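S.K.: Each chain is listed here by its residues.
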Amino acid sequence: MKILVALKQVPDTETKIKVAADGRSLDPADVKWITSPYDEYALEEAIRTKEGKGAEVVALSVGGDSAKDVLKNALALGADSAVLLKGDGQGDAFAVAQIIAGYAKDKGFDLILCGNKGLGGDNAAMGPMLAELLGVAQANVIVMLELGEGTFKAEREIEGGSEIVEGRLPAVITAQKGLNEPRYASLKGIMAAKKKTIEEVDAVPATVGTQTIALALPPERPAGRKLEGDAAAQAQALLQALKDEAKVF
Amino acid sequence: MILVFCELKDGQIRKPSAEALSEGRRLADAAGRQLGALFAGASCAGAAEAAKYGADLILTAEGATLASYSSDAYATVIAEAMKAKGATVLLAAATAVGKDMAPRAAARLGAGYASDVTGLSFVDGKLQAVRPVYAGKAFATTSFASAVQVATTRPNVFAATEKAGAGTMETLAAPAGDFKSVVREILAKASGKVDLAEANVIVSGGRGMKDGANFKILEELADAIGGVVGASRAAVDAGWGLPHSMQVGQTGKVVSPTLYIACGISGAIQHIAGMSGSKYIVAINKDPEAPIFKLANYGIVGDLFEVVPELTKAAKALGIGKN
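Residue numbers (this note's numbering), protein chains in the order written: chain A, 1341 to 1589; chain B, 2 to 324.
Check the hints yourself; a few may be wrong.
Straight-line alpha carbon distances no greater than 30 angstroms define the calculated DSS-like cross-link-like pairs of lysine-lysine that follow [stated by the list, open to error]: (1) B:217 to B:280; (2) A:1356 to B:181; (3) B:314 to A:1566; (4) A:1356 to B:314; (5) A:1356 to A:1390; (6) B:217 to A:1447; (7) A:1390 to A:1536.
Label pairs and their in silico Cβ distance ranges [to be verified]: (8) A:1559 to B:163: 21 to 31 angstroms; (9) B:177 to A:1341: 49 to 59 angstroms; (10) B:161 to A:1562: 41 to 51 angstroms; (11) B:46 to A:1532: 53 to 63 angstroms; (12) B:126 to A:1586: 31 to 41 angstroms; (13) B:161 to A:1364: 41 to 51 angstroms; (14) B:292 to A:1372: 13 to 23 angstroms; (15) B:240 to A:1557: 44 to 54 angstroms.
The hints are simulated quantities; they were obtained by calculation from the structure and are not laboratory data.
Keep in mind the model is a prediction, meaning the values are calculated, not measured.
Backbone N, C-alpha and C define an ideal beta-carbon position, used for all residues, glycine too.
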């Protein structure tokens, strides 16, 4: 079995967002870059599959040289090889899906794993778009995956519960928190990864579907007020305020 | 034409779909376009209700092959309907189905896609969207480069507004079977409660809850005021047995309720990112310096184990949540 794991480099969740001078992108100063957490579940699932039933795991990222950090980490965790599809990394989900499809289409991958969304862009679009461009099955926001002979069974999170999706391989599966508990890289893994090279391939030309034309911080929230008194008085005051001022009830 | 994919539940249009449809009507009026509503399933009984939210045309694809949700089957129905009607805009609610199907349909239509939008308008004849990014730490204005434009609307943001439309009914063929993937079974929908992402009132607990069992007092308050219970990442990761589906924050659910009551939550950046879109925020925390108070419309400095039961008691006495 051949598995492709698509990984995205994103700003850490503790990042305080500052808008760059162009007014439409993130100011990269002081930003700590990490592998998108959902992609970590995808990678872990690929490595567990490799350990369980045997598989070749290829880690992939789209972007510039900085994305190599994500791939080095993937190699240290157990990916067999890593590919960087070189581009400016500025495209939207549709463009990235075209770039990955362009690379993956004739490589015989049985399974393509990625996060259900890239942290930050929050589009949750690349996976399903890639599935469509490759003409394969998809299952998104997955918390359990079972692979059969040419088939898969996955549990997908939905409103207030979950559902079981069954389908044929090849498939694009997008991971959700809960799928597994990602491991940390071992010293042995880190050392072994240093000996591996990251293959660099020029990204195929892609057309963007959308562009960010402005990025703004949310409006400041109005100053609040503290409710005084003992617990009973505070509770009363709160419900009255929610009823009379906020008109929530 | 603007086409809105709508979901039915128990023969009624789901609220997030009614919201998308209403926003579609507003856009159609602004641009002088027609509004179509599209339904798919084993039965589309109840689809006529779309006229109430301004649909000029109601398209229904009914058939046994659409009884269970299938990404490729539904994407096929939608893409075919878009082409047949020459529609250039597709909207759906950002629900589990909408978010699964819309990007796939967009790719088939060669269209750009904006997810979870909180604002829509037409600029130079094309859709333009405002959407939260970095889990709501910022908002991006998104323009489309493609001839067809696809967007999903965030639940609980757009108002569902009644406005009568012609509601001309038209049936579409359901696709033949043999799909690449299909839903076989739906699990654990027993609670019957709305999902956090669609909830109007959320009572959420953090590290200050001390134990998963203590969430019972939040359940009681939520029941009294018609809300659902959420949790911070600290609480979910604490090993208290709380499911990650309860998690609100950047690596959990991003929510936009009318009321968010944060109990024992300090207000880490990653949590704030997920709930700062709430209309009213209440913080209950014994630490007066907790960052959550900076966001709160109403702050209660106190012991949540005293305050929350008092709130439940007072809400019951006032008959709140019973309408």
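S.K.: Are the hints correct? Go through all of them and say.
M.R.: Hint check:
The hinted pair formed by residue 217 of chain B and residue 280 of chain B meets the criterion: a straight-line CA distance of about 25 angstroms does not exceed 30 angstroms. For the hint pairing residue 1356 of chain A with residue 181 of chain B, the CA-to-CA distance comes to about 41 angstroms; that exceeds 30 angstroms, so the pair is violated. Restraint check for residue 314 of chain B and residue 1566 of chain A: satisfied, since their Cα atoms lie roughly 21 angstroms apart, inside the 30 angstroms limit. For the given pair, residue 1356 of chain A sits about 39 angstroms from residue 314 of chain B by alpha-carbon distance, which is inconsistent with the 30 angstroms threshold.
A threshold of 30 angstroms between alpha carbons decides the hint, and for residue 1356 of chain A with residue 1390 of chain A the separation of about 37 angstroms lies outside it, so the pair is violated. Taken as a hint, the residue 217 of chain B and residue 1447 of chain A pair is broken in the structure, with Cα atoms around 52 angstroms apart against an allowance of 30 angstroms. Our distance criterion of 30 angstroms between C-alpha atoms is met by residue 1390 of chain A and residue 1536 of chain A, whose separation comes to about 18 angstroms. Distance hint check for residue 1559 of chain A and residue 163 of chain B: the Cβ-Cβ separation is about 29 angstroms, which falls inside the suggested range of 21 to 31 angstroms.
Checking the proposed 49 to 59 angstroms range against residue 177 of chain B and residue 1341 of chain A shows it is violated: the Cβ atoms sit about 30 angstroms from each other. For residue 161 of chain B and residue 1562 of chain A, the hinted distance range of 41 to 51 angstroms is not satisfied, since their beta carbons lie about 26 angstroms from each other. Hint check: residue 46 of chain B to residue 1532 of chain A, Cβ distance near 60 angstroms, so the stated range 53 to 63 angstroms holds. The beta-carbon spacing between residue 126 of chain B and residue 1586 of chain A, approximately 39 angstroms, falls within the hinted interval of 31 to 41 angstroms.
Taking 41 to 51 angstroms as the suggested C-beta distance range, the pair residue 161 of chain B and residue 1364 of chain A does not conform, at roughly 32 angstroms. In this structure the hint that residue 292 of chain B and residue 1372 of chain A lie 13 to 23 angstroms apart at CB holds, the actual value being about 20 angstroms. In this structure, residue 240 of chain B and residue 1557 of chain A break the distance hint of 44 to 54 angstroms, their C-beta atoms being roughly 35 angstroms apart.
Hint compliance for this structure: hints 2, 4, 5, 6, 9, 10, 13 and 15 are broken, all remaining hints hold.
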